[in-house]
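Colleague: Given next are the chains, with one letter for each unit.
2 protein chains.
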Amino acid sequence: MAARSFTIGLDFGTGSVRAVVVDCANGHVLGTSVFDFPTGVGGVIVDAHDPHLARQNPADYLAGMRATVPKALAAAAALDPGFMNNRVIGIGTDTTGSTPIPVDARMQALALDPKWTQNLAAHAWLWKDHTGADEAAAITAIAGEFAPEYLAVLGGTYSSEWFWSKIWRCLKVAPDVFDAADSWVELADYIPAVLAGVRTPADIRRGVCAAGHKAMYSPDWGGLPSEAFLTRLDPKLAALRGRLFDKAWSSDRPAGTLSPEWAAAFGLLEGIPIAMGAFDAHYGAVGAGITTGTLVKIIGTSTCDIAIAPATAAAPIVSGICGTVNGSVMPGYYGVEAGQSAVGDLLRWWVEVVCGGDEAMHAALSTEAARLAPGQSGLVALDWNNGNRTILVDPRLTGLIIGQTLHTTRAEIYRALIEATAFGARAIIERLNANGVTVERVVSCGGIAEKNPLFMQIYADVLGYPMLLAGSPQTPALGASIAAAVAAGAKAGGYDDFESAQQQMTQLADTRYLPNADARRVYDDLYGLYRELHDTFGGVDGARADFPTLMKRLLVIREHAIGDHTS
Amino acid sequence: MAARSFTIGLDFGTGSVRAVVVDCANGHVLGTSVFDFPTGVGGVIVDAHDPHLARQNPADYLAGMRATVPKALAAAAALDPGFMNNRVIGIGTDTTGSTPIPVDARMQALALDPKWTQNLAAHAWLWKDHTGADEAAAITAIAGEFAPEYLAVLGGTYSSEWFWSKIWRCLKVAPDVFDAADSWVELADYIPAVLAGVRTPADIRRGVCAAGHKAMYSPDWGGLPSEAFLTRLDPKLAALRGRLFDKAWSSDRPAGTLSPEWAAAFGLLEGIPIAMGAFDAHYGAVGAGITTGTLVKIIGTSTCDIAIAPATAAAPIVSGICGTVNGSVMPGYYGVEAGQSAVGDLLRWWVEVVCGGDEAMHAALSTEAARLAPGQSGLVALDWNNGNRTILVDPRLTGLIIGQTLHTTRAEIYRALIEATAFGARAIIERLNANGVTVERVVSCGGIAEKNPLFMQIYADVLGYPMLLAGSPQTPALGASIAAAVAAGAKAGGYDDFESAQQQMTQLADTRYLPNADARRVYDDLYGLYRELHDTFGGVDGARADFPTLMKRLLVIREHAIGDHTS
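So the protein sequences, as listed, match chains A and B. Residue numbers 5 to 571, in our numbering, belong to the letters of the first sequence in order. Residue numbers 5 to 571, in our numbering, belong to the letters of the second sequence in order.
Hints were generated in silico from the structure; no laboratory data involved. Be aware that a few hints might be false.
All copies of an identical chain are treated as equivalent in the list; a pair is satisfied when it fits inside any one copy or across any two copies.
[Claimed, not checked] Mimicking SDA-like on lysine to any residue, the simulated pairs with C-alpha atoms at most 25 Å apart in a straight line are: (1) K132 to H564; (2) K176 to V560; (3) K240 to A7; (4) K455 to D180; (5) K132 to V560; (6) K455 to T540.
If you're wondering where the values come from, they're calculated on a predicted model, not measured in any experiment.
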């Protein structure tokens with residue numbers, strides 16, 4: 005019997021970092037530790053004057069690694085007598101993104117310098133920071149005119165959440181910070197570089213996941229956007245280009261090896277490989293066992309949809325989809341990313357912000373909503389309280405609820421909001437299917453997928469697919485540990501490719517939700533109304549001429565649902 | 005100095021009856037007593053199986069009069085040593101409506117007969133009973149084809165709340181009750197007839213208010229709808245016609261004189277005049293001091309708008325307005341009635357049904373909402389949770405809220421719902437102004453008008469009129485007492501006409517709300533968006549071509565409101 009081997013997965017979420025210790029033989033998690041980021045509100049620095057601002061303190065990332073990895077290792081040792089720290093063969097990391105961080109010439113985050121620590125612009129610009137909306141719109145306009153190829157693979161619209169929007173915004177509102185930054189690094193690349201002891205930004209090995217999905221990087225046009233293009237935005241951005249990177253790598257290449265300092269801090273062997281960093285959703289898809297034909301839905305506050313397509317053919321171009329990047333999920337495949345900007349957040353808004361409730365109310369409304377038949381509430385909603393990420397790619401769209409009476413209950417609205425997110429999910433799947441990325445099965449992961457059977461059944465009924473569940477409750481961390489096993493390679497006790505690593509280290513849960521034929525028929529009708537609202541308010545050409553009768557057609561659906569066709 | 009004189013006003017609301025004793029010299033209320041109807045839920049008989057059903061027990065009306073009038077008289081005597089029961093010169097009554105009651109040949113309400121008391125169809129069909137929706141639609145269709153003149157003065161659509169819809173519904177679902185009824189009487193006519201000791205339905209003197217606004221009565225076509233027309237509905241309705249009435253009267257004619265039995269029960273002189281009965285909103289408008297050019301808004305769970313126009317010219321035809329009836333408010337004027345089907349009810353729905361709050365939450369949300377600038381929430385709503393009574397006359401329209409984000413608060417939605425009702429009110433005023441019923445001033449009464457300054461300021465800002473308040477908190481009862489003073493006449497210590505009675509007996513409150521110019525500008529823009537939604541979903545021809553950009557235009561308004569034009 006071969007010696008056992010283990011990897012560590014580090015998952016940097018919005019509010020915390022999680023370390024897991026994983027058995028390479030079967031993907032079992034032997035030890036876990038979670039660290040809540042101490043700065044700000046739930047780990048996020050906010051600004052009472054600007055609801056679009058969301059920053060993070062890079063010191064929290066470093067403190068989080070120091071705190072969690074030793075604890076996860078100790079937990080593994082306590083659980084499994086066969087576990088030993090010196091059999092850990094690699095570390096993989098995943099993070100939120102696009103979360104760019106300004107760094108100085110020594111590869112230190114500016115915010116760690118006392119000179120800059122009070123300046124919000126010197127911190128990490130968290131994925132959900134939307135202060136760069138004007139810059140995003142300008143990038144979209146300028147790229148549309150001068151370099152449409154940059155956006156074609158990103159769904160046609162550059163987002164305020166992305167790399168260049170944020171850096172340009174910083175240049176405008178905090179030019180001193182911009183000038184002090186030697187370079188900018190995505191959090192996904194920053195963590196591996198820190199662990200590898202990289203001392204200058206030029207030595208960072210960047211991953212194609214962040215570069216391709218957020219920074220308009222592609223080998224097709226020689227890397228990052230051209231100097232000429234960036235000059236059109238601002239000459240200072242063009243000057244920055246040379247201090248960023250020329251080449252980004254897919255996840256089969258390690259980002260580096262564990263530095264002596266961090267090896268000592270963790271109690272691990274120095275020199276073990278650090279896998280290339282990637283976004284949580286991408287490694288989450290790996291941990292969920294993604295294959296060609298599988299759509300992985302990571303359902304949380306927002307939803308990220310990941311699919312892959314063999315890189316043997318030309319890249320699939322799917323308009324309105326966040327991005328198609330060669331190697332961003334696994335080497336040898338195009339990674340296709342889509343998403344919905346508010347899912348769990350939409351329910352949290354309803355229950356906590358509007359109704360003033362807590363977890364108990366979530367459960368109570370879910371129970372009450374489960375007693376309703378599809379269509380019975382007479383409601384249909386748009387899931388746009390945080391804009392539409394896919395397929396309209398418009399962060400300035402807003403929410404809509406239609407069909408209320410004086411008897412409409414909070415549970416009915418709760419259900420209508422779940423249904424709205426399911427309709428949004430269906431719009432994405434239809435768009436993928438129509439553009440050569442055929443969805444044959446749907447695998448979900450994330451807290452909502454595991455905890456809310458009503459939610460999952462509605463999705464099965466609306467989407468018309470069985471809703472499968474990933475076997476691990478922590479697919480991003482598991483995916484990162486799989487990447488670590490691949491970075492280590494079979495000789496070291498890992499794997500030589502992602503496919504064979506997934507085969508051994510991932511599985512599906514026993515629970516699955518099957519579509520109900522009666523519910524599907526009602527939801528087909530309701531989805532038609534949703535699409536009318538979606539296309540009309542989303543500005544899609546060719547909205548239906550009988551749109552004005554929508555309220556009445558909604559009532560007809562309701563009356564059929566409650567078995568009352570006369571009143 | 006002339007001898008003092010007093011009248012009694014009896015106001016039959018949805019949940020209670022109120023008796024007031026009023027000084028004819030100045031309209032001061034010297035004594036009041038309220039009786040809550042004991043039957044059902046808050047005085048309303050409901051049916052768990054049918055949310056459209058709302059009935060009332062006629063016994064409650066009689067018990068209410070017996071209980072309240074002596075108490076109000078005792079209170080007046082206690083307050084004012086100059087008050088004496090034998091100086092009460094008349095009684096006026098107002099009621100909800102259309103609230104038809106089946107009566108037997110002895111003018112007894114069927115429900116008072118033990119044989120029928122368990123049958124819901126034998127009770128009073130309360131104004132908000134909507135079980136006759138199918139019948140209303142059929143009446144609208146048949147009248148549209150064979151007698152469009154019947155509906156022209158009623159806004160073009162016959163309502164499920166009205167007289168014939170309810171009686172026809174009874175004929176269909178409870179033919180035994182229909183057959184047992186010798187006649188049907190509006191509550192507004194039933195009360196005066198009871199007080200006058202009328203012994204047979206043929207002797208009831210009916211008021212033109214209920215007859216003209218609810219029963220398609222007009223001297224222009226010889227009274228009630230023709231036998232030929234009613235035969236098209238059901239021959240049994242045609243047969244009923246002869247047992248109803250040929251002639252209805254305006255409110256300068258007494259309905260009768262106080263019977264010995266009721267005089268004894270009240271401790272009043274027998275033979276004093278009973279004013280013609282009318283609906284609460286109509287006598288409320290009298291009590292609020294209505295004149296030509298004044299719109300009186302009675303703002304409660306729903307809102308009733310009343311205007312008058314001199315009967316010297318032809319009747320103003322205002323499409324989408326509930327009704328225009330000669331003499332229905334005051335003799336010598338057309339009474340014009342419009343209304344909104346959910347106002348206080350819309351706020352109650354939000355606070356109590358959805359947010360699970362109580363009076364304290366109403367107050368807290370009002371305080372919080374008052375801190376918001378117009379447009380700041382980025383929301384616009386339609387006030388149609390209970391359909392649209394005016395100007396679309398469509399009970400099957402439903403609610404809509406648009407513009408939500410993940411930060412939208414319950415207070416913002418609360419304010420948006422108030423604004424929606426104000427926009428609905430503006431649509432009514434614009435329709436009146438455009439059709440020859442010019443609104444020069446707006447006088448409000450009702451609980452919300454007196455208790456909610458935020459609500460009133462929003463109305464001033466949206467409507468662009470100063471919002472004046474009636475001086476009396478009980479304008480319907482005061483209006484009924486004015487009608488009693490006119491029925492008694494000047495010789496008896498009353499007045500010979502409504503105008504001079506109003507001059508002495510009504511006044512405005514000191515409080516008034518003036519439009520703010522800045523708020524008006526924002527609300528002009530928001531009202532434009534409201535009208536787009538209103539006209540589109542209301543099916544009005546010629547909706548704007550740029551309707552699909554509505555969400556974005558709403559955001560622009562929001563950004564101006566919060567002083568942020570860039571993000």
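Colleague: Check the structure against each numbered hint from earlier and tell me which ones fail, lowest number first.
Modeller: Those not satisfied are hints 3, 4, 6.
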